[in-house]
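*Asks:* If you want the building blocks of each chain, they are given just below.
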Amino acid sequence: MINELVDVAEPNLLENIFPYDTVPRISFDGTITEEIDGETVVFDPARVLMEDIHLTDTTFRDGQQARPPYTVEQIVALYDMMSRLGGPNGMIRQSEFFLYTRKDREAIEKCRELGHTYPEITGWIRADAGDFRIVKEMGLKETGMLTSCSDYHIFHKARQTRREAFDAYVSVVEAAIEAGVRPRCHLEDVTRADIDGFVVPFVQKLMQLSESLPEDMKVKIRLCDTMGYGITYPGASLPRSIPKLVYRMMHDAGVPAGNLEWHGHNDFHKVHINGASCWLYGLNAVNTSLLGFGERTGNPPLEGAMIEYVGLKGDLNGVNLPVITEIADYFRNEIGATVSPNYPFVGEDCTTTRAGIHADGLRRDERIYNIFDTTTLLNRPPEVAITDKSGVDGIVLWVNKYLGREGDDRLTKIKVHKIARWVADQYEKEGRITAISNEELAEQVNLHLGKYVTGA
Amino acid sequence: MKKEDTDKCEGAEENESSISQRVRDVVVDVLKIDPGTITPESRFTADLGAESLQSVELVAAFEEVFDIEMDEDEAFAVQTVGDAVCYIEKCLSA
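Chains A and B are the protein sequences, given in the same order. The first sequence begins at 1 in my numbering and counts up one residue at a time. The second sequence begins at 1001 in my numbering and counts up one residue at a time.
Keep in mind that the hints were calculated from the coordinates and are not lab data. Where is the CB? At the ideal position from N, CA and C, for every residue including glycine. One should not assume that every hint holds.
Each computed SDA-like pair below joins lysine to any residue, with the alpha-carbon atoms no more than 25 Å apart [claimed, not checked]:
hint, chain 1, residue 1, chain 2, residue 2
1, A, 205, B, 1049
2, A, 429, B, 1030
3, A, 136, A, 102
4, B, 1032, A, 426
5, A, 451, B, 1053
6, A, 451, A, 429
7, A, 418, B, 1034
8, A, 205, A, 268
9, A, 205, A, 235
Selected chain B positions facing chain A (Cβ under 7 Å, derived; list incomplete) [said to hold, decoys possible]:
hint, residue
10, 1033
11, 1053
12, 1060
13, 1067
14, 1068
15, 1072
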């Protein structure tokens, strides 16, 4: 079939999907099907519109395992910003903390003093019955605990049999329940585990233990993709298939969506999409970490998951996105963390173009080369960094922005030609290989366009 | 400079000694080329090798030499030396 060109008088900017004043919508045309155990299973991604999908946080647990520890003051500041980012509806529902050192406990106490409802502070302990005393002493209602489930961990790390591991984990869960602490079992290395032989039987047992418990004490299950092996490709096999793993947990083991959580790692560059896909395939909580800091290659970046949440929901739901930039600045300036300049949403250059042709597009209409209204949503206006690739278009955009000239008041390319020549000579004659700094450009503006500088 | 029309503009002949020559001088100066290679039909980019920045510098130089203010879109639409002469003449008479 030959499709005829549809010529139009006005551009179709698809603003129902790309509204610009908010995050682009993620919409679906129907259901998703997977073959699981010989049956056709239908997943409806529209569930994200109706269900209480949300984020949880591990910045102070997995995040701290990946970098020098934060000070108490830094933890409190980040927790406070995280609470503002997630908003009053608790889109960042929980944040887990270590409990073992005096500093860990002081951080929890000081965060509590802020009086925020969200994120709820939860603990993280080894699967040791004695550790529940600390959880209780800290007044926490929930704690995560290690329940490693691959044979790599059971046999080669814990030096146990499956039966020994199974019984040990169950006894610790029972101890938690006995102590009045809600257990959240972290199924470590689940994407490398025997799903039928260990994971499903173990989780079925946990659900059985939960049957008689009140809702706020039922065992939670966290699927830990410890090595980043999880994949979302249609038709992929267990244990790596995320759709199948989520389905088996919910359908075969009976875990409710609200008690099931995903925790990923980025070793194969899939951490973000794996987490977000879990929302589509049935669970409600995706565990994340600010700027993705986590063991080795990191966890799902919290800020990325937050943007994805808004795209899927089509609603901010109280989320305060500009706090993302506050958090990124805090990491860079106060913590001294290295943040890749091209890291989405938080990198110093994430809204910066260096290509002249893109700068020309930005000059004409910023929607052409800006993902959404980053000025409003992230407090990050689109920027131009000047190199030999920026061309006169890039330079005129930079100059007008620097001088605060807009609309008909903007200077033309003709006016900036001397600056453009200076920039070109830097590379062609001087052999420069670094970008031109804003200070250098300001100096050139003062030199060649001094009469326009007043008030810049 | 991209305009295809290379027809002689009104009054081009009588101004040739002044406007046309000064245009040629600017082109030689900015593009650093042999004056003998320039004809009214010469296209700035395709024939005379003007790069992107040089096109801007040509327009800026025309503005300075003739003390005129050019419309950016119109100026960059001009493609040949002859058209530049016509366009400058139009600006001067406006």
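*Asks:* Taking only the CA atoms, is the gap from residue 205 of chain A to residue 268 of chain A under or equal to 25 Å?
*Replies:* Not OK: residue 205 of chain A and residue 268 of chain A at ~32 Å, beyond 25 Å, violated.
*Asks:* Should the interface hint for residue 1053 of chain B be scored as holding, given a Cβ-Cβ cut-off of 7 Å against chain A?
*Replies:* With Cβ-Cβ at 5 Å, under 7 Å, it holds.
*Asks:* Under the criterion that the straight-line Cα-Cα distance not exceed 25 Å, is the pair residue 136 of chain A, residue 102 of chain A satisfied?
*Replies:* 15 Å, holds
*Asks:* Within a Cα-Cα threshold of 25 Å, do residue 429 of chain A and residue 1030 of chain B meet the stated pairing?
*Replies:* 17 Å, holds
*Asks:* Is it true that the CA of residue 205 of chain A sits at most 25 Å from the CA of residue 235 of chain A?
*Replies:* 28 Å, violated
*Asks:* Hey, residue 1032 of chain B versus residue 426 of chain A, does the alpha-carbon distance stay inside 25 Å?
*Replies:* 20 Å, holds
*Asks:* Hint validation: residue 1068 of chain B versus chain A, beta carbon distance must be below 7 Å. Holds or violated?
*Replies:* The hint is violated - residue 1068 of chain B has no Cβ within 7 Å of chain A, the shortest such distance being about 11 Å.
*Asks:* Starting from residue 451 of chain A, check that the Cα of residue 1053 of chain B is at most 25 Å away, please.
*Replies:* Holds - the C-alpha atoms of residue 1053 of chain B and residue 451 of chain A are around 23 Å apart, at most 25 Å.
*Asks:* When you check the alpha-carbon spacing of residue 418 of chain A and residue 1034 of chain B, does it fall within 25 Å?
*Replies:* 24 Å, holds
*Asks:* Between residue 451 of chain A and residue 429 of chain A, is the straight-line Cα distance small enough, at 25 Å or below?
*Replies:* The given pair, whose Cα atoms are some 28 Å apart, is violated under the 25 Å limit.
*Asks:* Mind checking the CB of residue 1067 of chain B against every CB in chain A and telling me if the closest is under 7 Å?
*Replies:* 14 Å, violated
*Asks:* Do the numbers back the hint for residue 1060 of chain B, that is, is its least Cβ distance to chain A under 7 Å?
*Replies:* For residue 1060 of chain B, the interface hint holds, since the closest Cβ of chain A sits about 4 Å away, which is under 7 Å.
The structure shown violates the earlier hints numbered 1, 6, 8, 9, 10, 13 and 14.
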